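**Student:** Turn these sequences into a full structure, and let the hints steer you where they fit.
Taken in sequence, the protein lines are chains A and B.
Note that the first sequence ends on residue 113 in our numbering; no numbers are left out.
Note that the second sequence ends on residue 114 in our numbering; no numbers are left out.
Calculated from the structure, these hints are not laboratory results.
Please read all numbers here as calculations on a predicted model, not as lab measurements.
Don't take every hint at face value.
[Claimed, not checked] Below, computed lysine to aspartate or glutamate pairings styled on EDC-like, alpha-carbon distance capped at 16 Å:
hint, chain 1, residue 1, chain 2, residue 2
1, A, Lys100, B, Glu102
2, B, Lys71, B, Asp30
3, A, Lys112, A, Glu15
4, A, Lys100, B, Glu69
5, A, Lys68, A, Asp54
6, A, Lys61, A, Glu20
7, A, Lys49, A, Glu66
8, A, Lys49, B, Glu102
Letter by letter, the chains look like this.
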Amino acid sequence: AQSVTQPDIHITVSEGASLELRCNYSYGATPYLFWYVQSPGQGLQLLLKYFSGDTLVQGIKGFEAEFKRSQSSFNLRKPSVHWSDAAEYFCAVGAAAGNKLTFGGGTRVLVKP
Amino acid sequence: DGGITQSPKYLFRKEGQNVTLSCEQNLNHDAMYWYRQDPGQGLRLIYYSQIVNDFQKGDIAEGYSVSREKKESFPLTVTSAQKNPTAFYLCASTQGALWRTEAFFGQGTRLTVV
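**Tutor:** So this is what it looks like as structure tokens:
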């Protein structure tokens with residue numbers, strides 16, 4: 001069965017600084033990988049997804065993620081955070097078997113002025 | 001605007017009562033889903049439906065029930081059998097398989113047992 005680990009529960013970053021959120025997955029086949037963002041009290045919105053091709057994926061809101069098969073990782077990055085990036089971020093892996101989408105526990109990002 | 005509407009936003013339930021959470025979508029998506037969100041646990045799938053009048057249990061279906069009588073609607077009932085119902089509930093839909101397609105989410109319902 002697939003699983004997703006987001007090692008950092010909380011991250012605090014200053015506005016204008018760079019941000020990197022870690023995601024490690026476990027899946028036997030080639031995975032579909034997703035990053036979603038959730039603003040407080042809201043639903044989730046897709047930032048980006050990866051299945052094949054270029055391992056550096058561009059998403060919305062200036063985010064990008066890099067797939068590293070050797071490390072089973074799919075880390076999310078943003079070069080310069082804005083106060084509006086304060087939210088919870090979820091990494092997810094999709095598996096064809098059982099039509100499943102498994103989420104990590106999430107990383108909550110706090111942006112300091 | 002197309003999207004998913006969940007209601008109510010906040011819901012309070014007395015122990016022993018059943019409550020129904022509403023989810024309506026106007027995206028014309030075939031598949032709909034219910035997730036439960038607890039702090040630090042990510043999202044866990046309760047039930048899903050890929051077509052009208054058909055639905056399947058997810059990972060944590062015990063104490064919940066659903067119906068899918070219309071393509072647009074997928075209500076979730078939290079029954080008195082659910083031992084710990086206090087949580088944030090999210091409804092989602094996809095046009096295509098969940099494992100490889102963008103899921104669109106509603107704004108959620110926060111259920112509290114009092």
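**Student:** Would you mind marking each hint as holding or not holding in the structure?
**Tutor:** Outcome of the hint check:
1. Lys100(A) <-> Glu102(B): It holds: about 13 Å lies between the C-alpha atoms, which stays within 16 Å.
2. Lys71(B) <-> Asp30(B): Given that 16 Å is the threshold and the Cα spacing comes to 7 Å, the pair holds.
3. Lys112(A) <-> Glu15(A): Distance of about 6 Å is within 16 Å: holds.
4. Lys100(A) <-> Glu69(B): It is violated: about 23 Å lies between the C-alpha atoms, which goes past 16 Å.
5. Lys68(A) <-> Asp54(A): The hint holds at about 11 Å.
6. Lys61(A) <-> Glu20(A): holds (14 Å)
7. Lys49(A) <-> Glu66(A): Judged against 16 Å, a Cα distance of about 10 Å means the pair holds.
8. Lys49(A) <-> Glu102(B): holds (8 Å)
Violated hint for the displayed structure: number 4, the only one.
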